[in-house]
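Novice: Protein chains in written order, with this note's numbering: chain C, 99 to 601; chain G, 1395 to 1741; chain V, 605 to 994.
Hints are computed from structural coordinates only; laboratory data are not their basis.
Mixed in with the good hints, there may be bad ones.
[Unchecked claim] Away from chain C, derived, C-beta distances all over 12 Å, residues of chain G: (1) GLU1526; (2) ASP1532; (3) GLY1593; (4) LYS1730.
[To be verified] Straight-line Cα separation of at most 25 Å, SDA-like style, residue types lysine to any residue; simulated pairs: (5) V:LYS727 - G:LEU1530; (6) C:LYS587 - G:TYR1668; (7) C:LYS565 - G:TYR1668; (8) V:LYS802 - G:GLY1491; (9) G:LYS1608 - C:SER417; (10) C:LYS565 - G:HIS1647; (11) G:LYS1454 - C:GLU501; (12) V:LYS802 - G:LEU1530; (13) G:LYS1454 - C:ALA502; (14) G:LYS1608 - C:THR558; (15) G:LYS1608 - C:LEU568; (16) C:LYS587 - G:ASN1495; (17) G:LYS1687 - V:THR774; (18) V:LYS687 - G:TYR1668; (19) G:LYS1682 - V:THR774; (20) G:LYS1682 - V:LYS802; (21) G:LYS1608 - C:GLY556; (22) C:LYS565 - G:ALA1451; (23) C:LYS163 - C:GLN376; (24) C:LYS172 - C:VAL139; (25) C:LYS565 - G:LEU1530; (26) G:LYS1682 - V:PRO691; (27) C:LYS565 - G:ARG1605; (28) V:LYS687 - G:GLU1691; (29) G:LYS1608 - C:ARG426; (30) G:LYS1608 - C:VAL139.
Each residue gets a CB set at the ideal place from its N, CA and C atoms; glycine is no exception.
Spelled out, the chains give:
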Amino acid sequence: MMHRTILPLLATSLVLLGFTPSSPAAAAESGLRGVPPATVVMEFPEELGAMQRPAVEFDHAAHTKALEAEGCEKCHTVDDKGLTPALTATLNVDDRNRLIDVYHDTCMGCHEQRAAESLKAGPVTCGECHQRRAPGESERVAMAFDYSLHARHVRTYPEKCDTCHHVYDEVEKKLRYEKGKEEACRGCHGAVDVEKNLSLANASHRQCIACHLDRARQQLDGGPTECVGCHDAATLREIKPLEEIPRLVRGQPDSLWVKAPGATSAMVAFNHLSHEPQQEFCTTCHHDRLLSCAECHGLTAASDGGGVTLERAHHMESSEYSCTGCHRRVTSNRDCAGCHLGTSLAGGQGACKTCHDGPRPSKEDPPVLQTGSPQVAELAELPAASDDFPEKVKIDVLVGEYEASEMPHLKILARLDAPIRSNRLARHFHGTVEAMCAGCHHHSPAGERPPRCAACHGPTAAATVDKPGLKVAYHRQCIGCHQRMGIDKQGCTDCHAEREVAP
Amino acid sequence: MSMSRRGFVGSLAVGAGALSSGAADAGTIEHFEGYPGRYGLLHDTTLCVGCRSCEVACAKVNALPEPKQPVGDLDVFETVRRSTTTAFTVVNRYQDGDDGNPPIYRKLQCMHCNEPCCAAVCLVHAFTKTPEGPILYDPEVCIGCRYCIMACPYYALSYEYDNPIDPQVLRCTMCYPRIKEGLNPGCADACPAGAITFGRREDLLMVARDRIRKFPDRYINHVFGEYEFGGTSWLMLAGIPFRELDLNEGVTHESLPAIGTSYLSVVPLIVTIYPGLLAAFYAFTKRKDTLAKRELEAALAEARVLGEEEMKAKLSHAAERAKKDKEKAVEVAVRKALAEQGEGGPS
Amino acid sequence: MSIATADSGRNGIFTPFNLITGAILLGGAIILTIRFTTGLASTTNLSDTNPWGLWIGFDVMAGVALAAGGFVISSAVFLFGMKEYQPVVRPALLTGFLGYALVVIGLLADLGRPWRLPYPFIKQAGPTSPLFEVSLCVALYLTVLFIETTPAVFEWLGLKWWRRLVAQLTIVLTIFGLILSTMHQSTLGAMFMVTPTKLHPLWYSSQIPVQFFVSAIAAGISMIIVEGWFSHRAFHHQVQISDDQFRDINFGLAKGGAVVLVTYLAVKVVALSLENEWRLLATGWGAWYLVELIGFVVTPCILFAVAYRERKLGLARVAAAMTVFGVVLNRFNVTFIAFNWQVPHEMRYAPAWTEVWVTVSLITFAVVVFRWIAHRMPIMYEHPDYPALH
């Protein structure tokens, strides 16, 4: 029966996921006892009822080491399907009390046997396994299978994507391979087992570890076969990423038009190739399946897209996956935050055109995009110092308790210019000097000789439009930017000397 | 039964009134929003950097001595201060900023409430809520009872206890003379961070809401002073809960005068009902006394009459008996004489 | 009527009583002189955070409550016909009058500008203020009490016509006095309704006016017993009623005291229920509240009842003293102990010794004046030439 396999699988998966994978740092911060990654916490899931004794913290690593000679088969089933994570003895056991007996017989039985053979053995008394401990937090980290790791696997099995990738055929009710439809595991495998669809943990353990074991047995270089190999933060840090990660090829275009059936606005030319190395996983953007956004997100909200329209999918600023969301996160870098996180930037219609500068959708096919489209120009050199472009600006309109301030105008520009010059995204959105000027000289036409601050900021605040007065405008603009960019000039005398007020 | 705001403010503006609460519109269902176009100040505590320029400016504008602790001295924030007779406003630090977040400051002063309890409880009407917003104090009538200081929930008032001749109640005046001239209050002009904005209260409320809408992660979604105890002229924005800034968070929207002086509506009832009631008691008592006296007299009279008749009856009975006895004695003597005569014969 | 004066005896005017009270009064006068020449700061611990202290807490708040015996007993005798209490009417009225005079003197010491005391009536009124109503009622009631004590004075001076005139005013004055007392006794409590955030929720209630009024009645009754305790002994030679009659009066008052205290307890319990504050009783402040309630309301209530039943005068006197103390404690709590309860410890108020001395000297002053009047005028007895008032 289904539940004979499911119950122990359920029990095991919930046991493995008994603690939400965290990290040693998180555990230390929360003040809880850290539980090492290789420790499996054995406790019943809710459906089986509460346990009479505390959960057992099973040191899987120690057992793997002790039973090295006998291998995983000692406890697990390893077959052509892979390695079954549930203990072999617990398969087909659906009764709670029977399950308890199975665990006790298996564990204690083995320990007693080894003890009889004068080998190092585990405990046989209740309290030694079911130890009462302070609340703990797992130090297990989630495995991050990024481009680099994927590339190493591809190097080992070039052109053999079917080694790992499969799809489930609903009609024939079995797994098969379909070229060009390779997905991230996460796309189908969720947090828990759903009928025959294993949880991500169970699926990975079954598939990955079996293969690694196989290669290990054949004396080939392979991946880790123990828990710490994938789930220990320190071990993971030691895995060096490839210096040059080859592109993950799955038939994706280099550049494409972003469009959707029924959409009417100008199309967006999207450089997929340049975006790929910005993330570690395809799923950073293709958060569900490796499809284009319009496949799930329609022009109107639908359940397919989780109620998110295509427009929101692209433009929602708070989203992790949308274009705008990711670009906005980039602007919180120190080099960008001075202007972008200040309150002074106006949005405006101009920003739309930066992306939506393609042709409108029509019956005809859109023009073919070359690799590298859309092009982003290099920045022109900053102009030399002149009256229109002063090197220093003397701000003396508000001299009172302090002397005039000498603002190093060109130095500031150079500081802002350097990171823009080297950043493709920045150049795409504001690749002209005028655009950079608008960061400080806001709410006015960009270009040479912008209006003086005092032209719009009166001596006192205009309360109705929440526009600060001139003194506040200067302080908020300058000091605010310094704070956001981590520049240490934030005190009064850093910008203007105190004035000896004449009697 | 509480007074409407207009009735309350109206009675304040009028001044001397009858002994009754003077609420012309007590019990009305209308809602008085306050004088339209009145001014207020918006204090955005997320912008305050604790520079205390406002304290220096306030001292200058009001001809007070400069703050004892100079502006650069950060030790002043070790204690939580309050306003005094020589410092109408102070800035306190409510969070240290040790945890990587910036320290949090707040400026405190008289809040210039919409319905000031100081004005309601003053027995000589020394406080006036002006149509422009500030509350004014008249030292010419103040008797120094200090009820206003007791009542103020913001601890904003101070008293010159060391002055035997003309002690005054002192507090922030919202720079009323400057406002009348079209200038801003001193603190608003001085703040370099723009943490204080001066303007019409209704405009400032919209500005505050707009800031919350634009930066929801920066602000708690609440403008303190909009409704608390009827609302204040000083409005506050903050990024931490207001109770951590030593403000009365979550208090009723009902004004303190309504809560605290509505009891006075019972006074006319006592004055009108008691006299009749007590006179009635006195009349009952008097009547009881009179009735008791009458009963006593009646009982005495009856006793007297009864006594007389009884006496008469006794006397006549005794006379009867005496007569009978006499007749019997005569009879016995006659019989004896006859018997003697019969025995002896005439000898 | 030969009246023994306080001046008789070997020592002349330097009797122990005179020496002690004289020293107290002299000290008080010196302190008040300093207060009026240098301001309140030099002789009090008042501050911006604590504007009202012992002088308001005792002289005004407690003083008005303790002087309530006047209206209680005069209403009982003249309006409700309880003639058996006639002998204590005059002492109670005199206590009341001196009590209210003490209130005014204490107020003059505490006000920032005492010469402006009449301002609410002559310069500018603030009729929205509970304090305005209190001051008006107290001023009028002081006048009423003054007139109610004049019969004794006129009898002493032999002014028959004046005496007859004021005697005819008795009923009107008693009614007026009860009206005024109801209003200002309760409004003294109502004054704190404007401070919901500053007065501890166990003491703050919408029922505070009723609580103050009822406790004032209890305090008045108790003060008559306490005052009678001392006067009966000090003026025994004047007293015309028998010991039994005196005891009966005291037990009657004790019975009244028990009933009023039970009513007060009920009002307090209702107040707790209205605001659903039961859980606050488990806090530190709750313990202090229970000390006030159980120790100085419930206990004297029971003692009064027992004293009445067992006819134990000593017990009734103890109960009366406890009630007086309890009412004073309640007024202190509302004015400066449970008031400002959330203020940091270093900014809380405790009275300065100068404040205590002035309060004690005001009480001494009242006692001295009482004694002087009672020695000379028909307070403790009825003048044979004049008919009893009603």
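Novice: Which numbered hints are broken by the structure, listed smallest first?
Specialist: Violated: hints 3, 6, 7, 8, 10, 20, 23, 25, 30.
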